[in-house]
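J.: Spelled out from the first residue to the last, the chains are:
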Amino acid sequence: MKAFLILEDGTVFSGTAIGSPREIISEIVFNTSMTGYLEVLTDPSYAGQAVVMTYPLIGNYGICHEDMESDRPWADGFLVRELSRMPSNFRSRDTIQHFLLEHDIPGIAGIDTRALTKLLRERGTMNGMITTREYSSLEEILPKIREYTPGNVVERVTCREKHVLMGDGFRVALMDFGAKRNIARSLNQRGCQVTVYPAYTKAEEILADEPDGIMLSNGPGDPKECTEIITELKKLYRTDIPTFAICLGHQLMALATGADTYKLKYGHRGGNHPVKDLETGRVYISSQNHGYVVDETSLDESVARPAFVNVNDGTNEGLSYVGKNLFTVQFHPEACPGPRDSAYLFDRFLKMMEVRKHA
Amino acid sequence: MPRNPEIKKVLVIGSGPIVIGQAAEFDYAGTQACRSLKEEGVEVVLLNSNPATIMTDKDIADEVYIEPLTVEVLERLIETTKPDSVLPTLGGQAGLNLAMELADSGFLETHQVRLIGTTPETIKKAEDRQEFKDTMEKIGEPCAASLVVHDVEAGVAFADEIGYPVVLRPAYTLGGSGGGIAKNEEELVEILQNGLRLSRVGEVLVERCIAGWKEIEYEVMRDGNGNVITVCNMENIDPVGVHTGDSIVVAPSQTLGDKEYQMLRSAALNIIDELQITGGCNVQFALHPENFEYCVIEVNPRVSRSSALASKATGYPIAKVAAKIALGYTLDEIPNAITGKTYASFEPMLDYCVVKLPRLPFDKFISAKRTLTTQMKATGEVMSICTSFEGALMKAIRSLEQHVDSLLSMDFSGQTDEELVERLHRVDDRRIYVIAEALRRGISYDVIHEITRIDKWFIDKIAILTEMEGRLKTEPLTGELLAEAKRMEFPDAVIGRLTERAEREIKYLRDKYDIHVAFKMVDTCAAEFAAETPYYYSCFGSENEAVGEKTRKKVLVLGSGPIRIGQGIEFDFCSVHSTWAFAEAGYETIIINNNPETVSTDFDIADKLYFEPLTPEDVENVVELEKPDGAVVQFGGQTAIGLTEALLKMGVPIFGTSARDVDAAEDRELFDRILEECCIPRPAGHTVYTCEEAIAAANELGYPVLVRPSYVLGGQGMQIAINDQDVTEFIGVINRIAQEHPILVDKYLRGKEIEVDAVCDGEEVLIPGIMEHIERAGIHSGDSISVYPAMSLADRTKRVIEEYTRRLARALHVRGLINIQFIVSNDEVYVIEVNPRSSRTVPYISKVTGIPIVKLATQVMIGKAIKELGFAPGLQPEADYVAVKMPVFSFEKIRGADIGLGPEMKSTGECLGIADTFNEALYKAFLGAGIRLPRTKKMIITVKDADKLEAADIARRFEALGYKIYATKGTAKVLNEKGVKAIRTGKLEQESPNLLDLILEHDIDLVIDTPNQGAAKSHDGFVIRRNAIETGVNVLTAIDTARALVTSLENREEGLTLIDIATVRSRGAYAGGSV
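So the sequence lines, in the order shown, correspond to chains W and D. Position 357, counted from 1, in the first sequence is what the working numbering calls 1061; the numbers after and before it change by one each time, with no gaps. Position 572, counted from 1, in the second sequence is what the working numbering calls 557; the numbers after and before it change by one each time, with no gaps.
Hints are computed from structural coordinates only; laboratory data are not their basis. Model, not experiment: these values are computed from the prediction. For every residue, glycine included, the Cβ atom is placed at its ideal position computed from N, Cα and C. Warning: the hint list may mix true and false statements.
[Claimed, not checked] Label-pair ranges, simulated between beta-carbon atoms:
no., chain 1, residue 1, chain 2, residue 2, range
1, D, Arg456, W, Lys848, 34 to 42 Å
2, W, Arg789, D, Gly325, 33 to 41 Å
3, D, Gly197, W, Arg789, 51 to 59 Å
4, D, Arg456, W, Thr931, 55 to 63 Å
5, W, Asp1051, D, Lys(-7), 56 to 64 Å
[To be verified] Straight-line distance between alpha carbons at most 20 Å, and here's what the computed PhoX-like set of lysine-lysine pairs gives:
no., chain 1, residue 1, chain 2, residue 2
6, D, Lys535, D, Lys492
7, W, Lys822, D, Lys326
8, D, Lys326, W, Lys969
9, D, Lys492, D, Lys539
10, D, Lys972, D, Lys929
11, D, Lys634, D, Lys492
So that you can see chain D by itself, here it is in the shape it has in the complex (with noise of 0.2 Å):
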């Protein structure tokens, strides 16, 4: 079937923000369904209200809007672009319930708008819990027996009639929001009532557990013409109970046998034709370890996280492929990308093995419980591809970044066997630890298995493991036991811990027994044809097949690793577009990524992807073979960054600024005398190394003051201390992680919080904008609000930053990007921070100032001048609007995480609000991150005292606006003497009604709470920003940003207007210029 002629121009729905549920995999999945579209003619309008994204590009759409994901937006956006299809499957469960709504009104009939990819009705019967189960039982594929309830009572008395514990599942949520396991009723009921509160539709799914059976999940495709493949199968090591997010999972299933695996796939395959889908679908289910029995547990009719998987397991371009059929080719008539020759009618054969490990945020979130349920908790994943398993697992382990580099790399060797068995019946992130600990003690694959319900086949892989443990530690290290323990991916720097060698002596070792890495292809057809695209994983034991020769320049693009706090899309964002700046410079790209929900990882980003840990000794291997001419880290964040010294060691220049002018950044001496020569003022600080200096240090500066570990990116382990007690405790926090850097200790300045993102060619500097943050210092960047253009600096605050970036610039010899923070207090500008590398606001401020930064810093490492580039140095004019990037929480996932903003970094993600006028701006900031107020029109004050006078002001504010406002005994008090109407309610030990009941009676719109600083938190306010956030009430836990929301809401206006981004132009460009 040819492509239908009727779709011209196509409105495709991103995801928003990051939040824990809904990644980058759905930049990667719609950047390529746009680049996918467009090859076919297509005109493509975007809407995404996160900035950071490569698909908000306007090289990837006609139109961008990064405007609110709400269905006025989406309405306006239709009547004024007038797109004739909608293709809502790529935006994951945002995009898709937007659609929906849009669909459910008939808008999109009013209009003679189709949705494409996928029918509503579709949608409907995978969605609807009752429907698909109707549908289920209909095509006779079992569901575990389960009812769908509207209220407790029902879900109670279903409960008692099939048995605990029981599974809930709410509808219309994200990454499982709002579900978990009840072993008895009291669980039953707090997790019912939590969850018919999230669900859009307030229906919850509860069904019999089926906790522990294997859990396997089918990624499937199907046509218009009713063509069906599976493109992957996986299967999750963590049996059932684990959301498939959080749980390790391996491609294709190891455990199953043909009968097993085609029963599933003939299930599979059965259920996407009954619903009618058209396009890629995930299918999971329930295994039953001891028979064939099965049960359906989820369908999501769209792209997902695991199709972003499975995409990079295979080889296969899921969301390509799909955007095709949305278009109404059938498979057979789209090539394979990755062949050349065969076509996207098959089913990739793997030759080779897949681990995905999620990327878990419990090192930023301390207090947070770190059990693993069916609600997913994990911000990102890392995935490694071997022809064992074992070496896959290995490789995966390294590629988190989290100082693990081995199953030893968490010590439960102190524990008694009695401890350990305890500590397997706990389901968190370490288990797999606790289970290397058990097998090097004995505990027999029985007794593991019986705890875990993990396969016996994994305990088994695992025991390999700790056995070349043993063998490594207690054999001499002869070529063969080297040979096979790098087969088995051990690092070097292991197997010297193990055999008390030095890790350059293991490499001496393999040099001199000719042990020798080799890359394999992925190819979608285990070798069966010849393929043209060089995506290459490394293995020991094999023959090289990826050919290093050189017929250009080379240039070695490092990615950033996992999506983590602090470490998110942004710098995937960057490296693409450094990699597609190099390509055009005439360079053959390399990138080495290990990130599978990325677009760098995408197959045809880079001239030749090596999907491989980045630690130094992954990395020499590719640049023992590439000899690259030069390697960029300035994009990957702290990943690529870390990663300098040891590509120096190698022989391989980094483009751009040199590695010890980005020491110079965070040496203290050499930043101090630098700041010194060029008369720029910073707070007053000292480098410590003890925690007894650090206290003297505090002393001598005064209190508050920060303290904080060089090194580091989203100010990690950063934290303000108001006396001795909290230095002692932050410093022993800062300890417990390997610490090779000394700890800073710095006067705490509470003023305006400036950054600036510039790009130096070592003379010129080009600043595109200077962004003003409204929490005031003390609020980590990445949480605050950052406005662009500075609303409120004088012009003359705004030269003397230009100064003192340009000067700075200059002085750390910068050729490419550099980063600064400052603080503005007293009129007077002082440096916080300097990083000479790509930040976090590089995308935001490239998109509202239209001037492509990364390219042209990347220009610039390559030896071309500012001024070659068509753009005059300086500042550049500010631009006609006003842009609004909003930070974005997930503290709703993270059981026992506390929200309180402060130096440390906790936003998952961000959205950006575009407009003429500054009020507007925020209002579209405020409703793209999901606040959308008010409601019931009732709110709770409690602040600490430097706060309260500050919040008589905004709460006098909300009652204009019509707010009931309930306060703590002390805040009740200022706000009455400065005659605010507040009601003095009680905190959590007093009577009833105390503030606690208010909030769970769900009455609350919006509580603003801010917390002291320092180590001493009330445990009170602490359950009270739990329990809010817990029950879906806005939290705001800093002054300046209720104050941001109060003017906001008084500035709502009806009709929003749309600003299409891919028309900004830089005004700062010269006519002509060649960027």
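Just chain W, with the same shape it has in the complex (with noise of 0.2 Å):
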């Protein structure tokens, strides 16, 4: 069956459906991960976008269950070049389309991803449809597109009820907007208990947990649009127990904190984005996903200072906070997908506490 992407700028490509025959209206983002398609489309901060992955060969090695990054795929739509139609892999257990199909996503293969990729970085990221009807006129439906906005998808994504991975370490309060599930298990990993709280939860209740350690989470969205999650922020800065954040958490202890936010162009989305240490000079690996990010002109100095950099476009890609026991980044120490190469970030996290609990 034919499919169509019509994006609001009124182009429109053409491939054959995939997954579900659902029309829908999304947010059109590019990753240019070669691997790890199913972390990408399980990835809770797809939730509210539609992505087209630049690697032209996808589902060669089928879908393997334990690589996925949350309980179901959270992108909107799925646009690919070509779907393999023999996945081989030993872990392998599913098709791609079979998965596509048995959680409702629509998709397209057989489009030219690296024009729409060409003219997502030349004109920004788009809204559009994914449809399989054949519109006589677009007009109709231009306006629509063009009106869509992903909304607070923060609270489609996070967990319902608070839920604790147990450990024997220290206790860390993993604030859910969104968390990938390598975050948790990165802590697990390193002894810690963790005890994962959905995004809106007050800080109150938290902090009576008593954690060790606290960590917030990536997640999808506008973060301007987490009005009450900021306020929340703004109590647990104001405590001295150690903080580590991610990706939107990033950014929202960033607007808790005064400073701004605002929207790339077309954001970063891959395993190959180089950001440096300026505290140390190395440069390391990093996995993206990020449509927004945090307006370093927006810094006030004796709150926070750049931790981090991008090396390609100079963006801010962490902070660390002044007189505090906190630190963000931009980036995905979690990975999955993508280069493992800052998972040392969580080893401070840990040193963190450490320092803390014998203080």
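Combine both chains into one complex, guided by the hints.
T.: Right, dumping it as structure tokens:
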């Protein structure tokens, strides 16, 4: 069956429908990772967005369920050049075609993903519609496409109830704004006991549990929409509990402490972005997935200072907070997909908890 | 970290002659690195014995020494040129070994020269088997169970412990020389003995056989600040067991999930960090196909063939960045030249699929074993890029230029299913075609996978291609089907054959259905950033992004495809120089080529690079977009010449000599007429089409005769026949190759062979110099030792040669280059071959005369006259020194190949000796070719009857040098009669000690064995030569070569004088000339 991607500027790409025949409108973003399509699909940060994979051969190693970063795919749609008809991997248990169908996610194969990516790069992230209907006139639907906003997506992706992942080390409170599984797993692997809190948990409730450390997770959407969460983070900021934040958590803490964020033209999504640790001068290749970024010019030097910078475009990639047991990064040290080079940051977080414990 | 200001003058070591396992990739890396160093204001001294390289140009380095790569030369060079640093990681294993010897001996320290790029400690840790193993153990990176042994007994004991099969890897050898897999004790003993001998340090690693695991490589970089990145990972379709140089390789990996990908990536970075590498490095892993177990196979702490491939596959210039790192820069300070916006501290993301196929030399070595093992056999490779694996594979196949254009090109349809399954067990260059046939028969993926261990993902992709063949055969050719076939890169010709249509009709249908090629950019970043470098590949069913707009005159330069015997790096030298000359003349330059090892496919050589197969259809796609004002075919070897007709049909004018005149040189009758008009004699000969005609012609001319197909390069299929049976056999061989052209039968004259390259502007002719071959006619010019200036010619003869050259060039209306081969027999000059195009000797003669021939030829092609270019026409004054070009062979790598020299070319590369005297130049050339004598001062002589008298004279001279001579019955008799003490030794079937025993005892320095001509080659001779080669003994198969060697040994001098080729100036150039 033919399927179409109609972009808000009127550009139409056509291909073959894969997955659900459902019609959707979403924000179209591209990801340049060459492996890790399942991790991308199941990363809650993609809620409200449809993902274009720039690597043309997708599905080669099928679906290995243990690679899922949450319990379902969150991307609204999936756009690829070619889906492998026969996956091959010793762990594969399913095909991506079937996986998409099962989760009612629409997609298109056979798209010139490079042409689409170039368009998004040049014009900036756009909304688009994935449909199997052939519209005779775009005029009636374009306004509808342009109208779309992802809305408050954190609400959709966060867990419903607080739960505990056992461990015999430090007790970490993980605020789930749409956390990828590997954040909790990375902490668990380091012995931590991780308590996962729904995004809208009050600071008081968390503090009452007396955690050794607080972890603010990644998540989807425009950080400025998360006003209630920001209010709670302001309270957490005032404590001296060691805190580590990733991606949306990083942006929200910046907003909570008076800095500003803005939307990038087409975001950073992939596994090859160089970030420089400003303290050591070392450059790490990082996994990234963000459309918004902290505005460095809005920083109050007495509150937070840049700790990491993106070598490619000079945007902020991390902050260290003055006089606080608090550091935050824009990129993803939990990888999955992508390089594990910055996993050492979890160790740094553990160290902070240790220092405080012995203080 | 800014660059280290103490580094002001760097000595770069090249890799020497092209041999299997060490090819053009090091010219590419070295050239890029030298340019990168010079960009930083560093003075560059270059040492490389290979004159065909671009890196040995005076434009590339400040001081250029084309000298043998020996410790003595290197020490001498350091003493005289006084560099503060040596960069050894760009010259492959040869350069690295040499630098290590100097580091070990303390010479570098004494002279306060540092090794930059990577320290000796690092090189040791990576290259020394035991140290490497210990290091890996320390950081918890698994290696296959293994033991370093120094004798056979220890190897046998260890293999008994870990069980067969075991893999054997000698330390410090190139391309895995002397390695292999042993399935039992007998094989182990054989391979191990050989490996121990070939290893520089007499050690071999015996390890657990992980054959059948996935072979995955990572190209990684690290700077002095500890920043690490991965440039590319690659997956070998052929699992562990086949050398990666002989494997079909795909980039990036296709069957690895993110978990496997990142696990190995982290391991690679761990390793490079522990080894403290500064620069580029290649890490090879074996990955268990059914779990996460992996082993580190090998680490190369330098740029390599794989890094050249990775550079071309991603657009990331590894050598350039490695050179900057060597100067002290960190990755985040080095700009990404492709995007112009980002930095080298990122990882390239591909949005396409890359396939590499090896170019194997079995078409040249018909008797060789085609089995692929851990010993590399490929002479070169092709790379292709497409948006699908199917497309990339199809493009790579037709890039090989081995008469293959699809998976149907090798026909196994006559085999039974059982035979096919049996054939699947054979790991050779035809396996992929066997798999395709098996799939056509419906043999299951499981069966194929079980035998070959090739991942089912790849098997399925091959199946998709064979299914398409079936659909094209059986279904109506709708627009949809055609579009799908083109998306998989089926050539029009193949679609035509399958649908029983003419090729042109397919093209017509494509136009009708609006199925057009699109060009996409290789930009290192999957379109995330706008890129500035126009490096393109084609695909179907996509939006085109290459812009064909025209602002100035445009020239299309056709490259020479994969490196093969007979068409080597010299044609890349010519293509690149021509491109530069066109650019200088104001042209927009466009290169089409498919060889990832070369300089011509570097991203900043031409204004635009199309990485594409060199077939008429693929070239036409580029032509339709770019609409060039003309194309250049003179410099790209037979590959480019072969496209002339197609280009003319596309309406593209050919710059330089017209196609009609090129034909005239190849067409026997036309050419005879021209020779007659010019009053130039040639050996009598005839053009024939059938075997009967050939025999008749041969008898009329009288034996011996030369039999050869027209339109070939490197003498392919050329043989000397001494009787009717030979003729019958040779014609049979020639007709096995698709042969549209007639066969030539010529009287064979045994005289001096002379070669000339010249530039002609249609009127005037410039001859840089006359080259004389040491071996008499009958041995291919590429395999002969060539001397400039010609030493034994009378002035009168030189004038005749000059005159004949002038007449021929004019008669053929040559505009550009012409190469002529003469025979001087009884003071009479005969022409034996004329090629109105660039030749193998062009780089060498350019360098030793200081005359930039390719540049001149290019200028002439666009209308300049020689006189305008600052040169006086005619034969140029001879240089003050002598240059000897020596062929270099890779026989030890190709099991079963006959090493006897003849009219068909067999050498893979060459080196140069240049000195004030002939004897010193000759000695240097032998040294450069790796002939380091004497050692044991024992030799074997066994020559054919015609050579026996000359052999006696040569033997006497060896005897005078202290050699003990063994000889076979007939030879010994003649030697003894002539007063040479020769010990008569039995042939193979005779009792011990016979010749073979002597050879296998490793007590022999040298074998002189001249085989009989004709087809009736003695089996004994073949066995002797093979065994000698495989045990590392020097073998000479031409009596003239033997004489040259003894001359060189007699005149061996201790202190060699080193000559800076960059200071060589043409003595013929006008003062203030424009070139």
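J.: Confirm or reject each hint.
T.: Hint check:
The hinted window of 34 to 42 Å between Arg456 of chain D and Lys848 of chain W holds, with their beta carbons roughly 41 Å apart. Distance hint check for Arg789 of chain W and Gly325 of chain D: the Cβ-Cβ separation is about 39 Å, which falls inside the suggested range of 33 to 41 Å. Between Gly197 of chain D and Arg789 of chain W the beta carbon distance is about 25 Å. The supplied range of 51 to 59 Å is therefore violated. Between Arg456 of chain D and Thr931 of chain W, the C-beta spacing of about 59 Å keeps the proposed range 55 to 63 Å intact.
For the pair Asp1051 of chain W and Lys(-7) of chain D, the beta carbons lie near 42 Å from each other, so the given range of 56 to 64 Å is not met. For the hint linking Lys535 of chain D to Lys492 of chain D, the alpha-carbon distance of about 25 Å lies beyond 20 Å, and the restraint is violated. Annotation: proposed proximity of Lys822 of chain W to Lys326 of chain D holds, straight-line Cα distance about 16 Å (limit 20 Å). A distance of roughly 16 Å separates the Cα atoms of Lys326 of chain D and Lys969 of chain W; the hinted pair therefore holds under the 20 Å criterion.
As the CA atoms of Lys492 of chain D and Lys539 of chain D are separated by approximately 25 Å, the hinted pair breaks the 20 Å bound. A threshold of 20 Å between alpha carbons decides the hint, and for Lys972 of chain D with Lys929 of chain D the separation of about 14 Å falls inside it, so the pair holds. For the hint linking Lys634 of chain D to Lys492 of chain D, the alpha-carbon distance of about 14 Å falls within 20 Å, and the restraint holds.
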